[in-house]
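So the protein sequences, as listed, match chains F and H.
Following our numbering, the numbering of the first sequence begins with 65 at its first residue and continues without gaps.
Following our numbering, the numbering of the second sequence begins with 8 at its first residue and continues without gaps.
Don't read these hints as lab results, they were simulated from the structure.
One or more of the hints may lead you astray.
Cross-link-like lysine-lysine pairs, in silico, DSS-like; alpha carbons within 25 Å at most [claimed, not checked]:
(1) 152(F) to 10(H)
(2) 152(F) to 128(H)
(3) 93(F) to 22(H)
(4) 22(H) to 11(H)
(5) 93(F) to 11(H)
(6) 128(H) to 153(F)
(7) 87(F) to 10(H)
(8) 10(H) to 106(F)
(9) 106(F) to 11(H)
(10) 87(F) to 11(H)
Listed next, with one range per pair, are the computed distances between beta-carbon atoms [as the list claims (entries may be wrong)]:
(11) 316(F) to 10(H): 51 to 57 Å
(12) 316(F) to 129(H): 42 to 48 Å
(13) 62(H) to 130(F): 26 to 32 Å
(14) 150(F) to 145(H): 36 to 42 Å
(15) 62(H) to 77(F): 18 to 24 Å
(16) 43(H) to 330(F): 41 to 47 Å
Here the structure is a predicted model, which means the values were calculated and not measured.
For each residue, glycine too, the CB sits at the ideal point set by N, CA and C.
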Amino acid sequence: MIPPPFDYFAPTDIQEALDLLNKYGEEAKILAGGQSLMPLLKARITTIPYLISLSEIRGLSYIDERKGALHIGAMTLDCDIELSGIIKKRFPILADAAGQLADPLVRNMGTIGGNISHADPSNDLPAVMNAIGATMIAKGRKGSREINASDFFIDTFTTALDHGEILTEIRLPFWGNSSGGSYVKFKKGTWNFSVAAVAVQLELDGKKVIRSGIATTSVGPRTLKMEKAEKFIIGKELTEDTIKQAAEMVARDSQPASDSYGSEEYKREILRRITTDAIKNAHKRAGGE
Amino acid sequence: MEKKQVSIIVNGERKEAEIEPRMLLAHFLREVVGLTGTHIGCDTTNCGACTVILNGRAVKSCTVLAVQANNTKILTIEGLSRGQNKLHPVQKAFVDKQGFQCGYCTSGMILTSYWLLKNRKNVSEEEIRAAISGNLCRCTGYDSIVESIKEAQEMMKEEGDALEHEQEITVRSKR
Ligand SMILES: Cc1cc2nc3c(=O)[nH]c(=O)nc-3n(C[C@H](O)[C@H](O)[C@H](O)COP(=O)(O)OP(=O)(O)OC[C@H]3O[C@@H](n4cnc5c(N)ncnc54)[C@H](O)[C@@H]3O)c2cc1C
Ligand code: FES
Ligand code: FES
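Pulled out of the complex, with its shape left as it was, chain H reads as follows (with noise of 0.2 Å):
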């Protein structure tokens, strides 16, 4: 088995490694570049705690090699908020309306959740609904879930244009 090269950009950062061809994604995130906000819940393709963002699109990163990811530009949990202090407003949703309990399943949601915000205008409840529903949660029942979103369309209307200039993927630190 050889092993190979990998060059990822990992919240704006270039993260290059030789790695099995057979690592997952979510190990490469947790083990090699050291950021754990990524979580494995099921480790089955079910339950979606190990969404990241992918070139624009959210995907389950326990089910996506490192060697598929080669090239392409990763956002995690991490790489959301603008910087110390400064939540993303999904973020901020889910702290005003209790969108979470253990917050096991958090990353993911609040992922998926941009990557709808992101890429969809008005988006209904059911439409909502819709989009989580890769995502499980053990903890709250989904309605604070589902208002923590509507609130975060809410945010994000709000800022308007400032946030779709916003770049995808937030650099903050050049190598």
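Just chain F, same shape as in the assembly (with noise of 0.2 Å):
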């Protein structure tokens, strides 16, 4: 399957990206990995005049440890997420989803930009991106701005991204030495994607929990950030009754629907479990027990 025709363009600047962005307005569109955008464009489920790739712009691939936070740019490729051992260390949730991310091959190939811009409801990384509460910076040709990841992902394909805007960075604020989270995917046979997954990321004072993310992927119009479990954990020692008060609040919030992957019920019944066992696995990292 080929590919409907477009003109091609590799510009070596962000500066010159936006330039052409903004000449060719919706008729263009930013390619990272094409991970995603390949198969659509293959598929001819959509067409775009105009692909501008980031593939030649240096210095948009890099896990930074900064002051507060880790800075990783948009083009950084999937499968470096997976395998950094910063990221094992400090975020251990977002290794697990980006090592359960479609397979190695398109890991190889696609980004964290890419994962996050794309927005497909399925896509792992949003959740992750909202259980840490990590900052998305957008750039324009005017400059930079800050998005929170709880108000960067709108609908389905759609993001607080300007048209004219390109994702850069991502910043993961680092929580307290008591933290953890954990990311736990339920998928069917061999297809990637999942019915449901769960991102939880905690911190602990003690037994209790003073900090806490929740957030879904695949049950909803986009990934779903579960505040009212997020605060009902907050003050509270994990037993086995809190935990399973919150997976209940996760399952009945979030919004699944009746598809091919199985029923609404079904879906709201792996939630249970999932959250179940994020919360347990997060509680563990954080180094409760």
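Fit chain to chain and form the complex, with the hints in mind.
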């Protein structure tokens, strides 16, 4: 299958890319690794007259430990996220998700920026961004702005990025010493995308939870931040009963649709189970037990 | 639609051509370069029959534009052997352990295995199975493929340093 014709640009600096985006407006799109975009073009689900590749722009691929936050360049490959020592140490929740995303060959080409900007409700990294409370750096012709993860994912395939903006960096604020997270993904057979998945990030003070981030994948028009469950566990010890109640809130507050993956009720049951597993694992990683 | 000039090192040889930007790397390799060992199976990024090594990483060439591969180094199955009658250990292991039947998936399987064994030491069966999860085989049931990769790992270990210092891409002729 061959994509419909398009003009292709591979600018060498970000300003040039922004100028091209502005020049061609709605007819232009950014190409990162192409692992979401190429299948859509090949199947002719979408047509894009002007493709602007970021691959020749230097300095968009990095994982930098800065004061207070981990800075990740938008063009950093999914495989580098998966295998990064610093990510495994500081945000195992992200290593979990990257390691289960697609397959190794797709991860060798796909980027974190593409996964987040694509905003497919089944993309795995948006939920992790929500759980951690990441900040996206969007660059436009007039400069950069910061967008919180909770404001970034708007709808299916729709983010807060303006048409003329490029996502250049993702910032993950460090949580305290007694923190940890976990991403649990439920898949069927060999299909890569999840029936449902949950991201949980926790911080403890002694036995009590003092901060939490919980978000879902695949069970709504976009990743859903589970604010009720997040608030519910704060100030509490994670007893079996507390975990059960939090998992019930996630199952109830999500918006699964009945489809070929399973019925709505089936997906809520999956959510109860994977939320329980994710909370327990995050708790363990945060040093609890 | 403006054509683009690309320059891609394929198995050590520089290949230059003016192509439509929408040409896929798999088609570039098969139709422009004339190397048909790279197969197209599903054409939907699922099967891995089209796997090639791009700058040291195994990728699905049906889902990469040839223009995206401009100025990169590609290794295809044709570039893996060390000359006539001298199979790469991964190839030899697939023959010895019957890692294929019809052979359609095989070039992709071998290249993914090569990438895995080049990049990781002492891989377990679990890691092998995870590494080939993007490569589908309709014939073997995978067990013989996993055995082949284990065997290849042993063979590559025995070769030791010789292999470590070998160039990622075998230069067969210069232009
Ligand atoms: C077989 C298969 C299985 C998959 N399984 C999974 C899975 O299990 N989980 C999952 O999450 N994903 C999965 N994917 C999707 C895909 O692999 C990932 O989402 C990948 O990370 C996308 O990144 P990319 O760089 O390839 O994006 P691209 O395809 O290049 O871009 C995707 C979209 O984002 C936009 N974009 C990209 N970068 C930027 C930027 N810096 N600024 C602004 N806009 C940008 C593009 O314009 C495009 O609209 C799968 C894909 C395939 C083919
Ligand atoms: S042909 Fe490329 S993945 Fe199947
Ligand atoms: S040997 Fe036939 S598909 Fe694998």
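Exercise. Are the Cα positions of residue 128(H) and residue 153(F) separated by 25 Å at most?
Worked result: holds (21 Å)
Exercise. Is it true that the C-beta distance of residue 316(F) to residue 10(H) lies inside 51 to 57 Å, as the hint says?
Worked result: holds (56 Å)
Exercise. Within a Cα-Cα threshold of 25 Å, do residue 106(F) and residue 11(H) meet the stated pairing?
Worked result: Measuring from Cα to Cα gives roughly 19 Å; hence the hint holds.
Exercise. Is residue 152(F) within 25 Å of residue 10(H), Cα to Cα?
Worked result: violated (43 Å)
For this session: Using the Cβ atoms, figure out if residue 62(H) sits within 26 to 32 Å of residue 130(F).
Result: holds (28 Å)
Exercise. Does the alpha-carbon distance linking residue 93(F) and residue 11(H) stay inside the 25 Å limit?
Worked result: Distance ~18 Å between residue 93(F) and residue 11(H) Cα, so the pair holds.
Exercise. When you take the CB atoms of residue 43(H) and residue 330(F), is the distance between them in 41 to 47 Å?
Worked result: For residue 330(F) against residue 43(H), whose Cβ atoms are near 45 Å apart, the range 41 to 47 Å holds.
Exercise. Given the hint that residue 10(H) pairs with residue 106(F), does the C-alpha gap stay at or below 25 Å?
Worked result: holds (19 Å)
Problem set entry | 18 to 24 Å as the expected CB spacing between residue 77(F) and residue 62(H), which holds or is violated | For residue 62(H) and residue 77(F) the Cβ distance comes to about 21 Å; the hint holds.
Problem set entry | Satisfaction of hint between residue 11(H) and residue 22(H), Cα-Cα up to 25 Å | Roughly 14 Å between the alpha carbons, so the hint for residue 22(H) and residue 11(H) holds.
Exercise. Taken at face value, is the distance from the CA of residue 128(H) to the CA of residue 152(F) at most 25 Å?
Worked result: Answer holds: residue 152(F) to residue 128(H) is near 19 Å, not above 25 Å.
Problem set entry | Restraint status (C-alpha distance of residue 87(F) to residue 11(H) at most 25 Å) | Within the cut-off at roughly 20 Å; holds.
Violated hints, listed in ascending order, are 1 and 3; each of the other numbered hints is respected by the structure.
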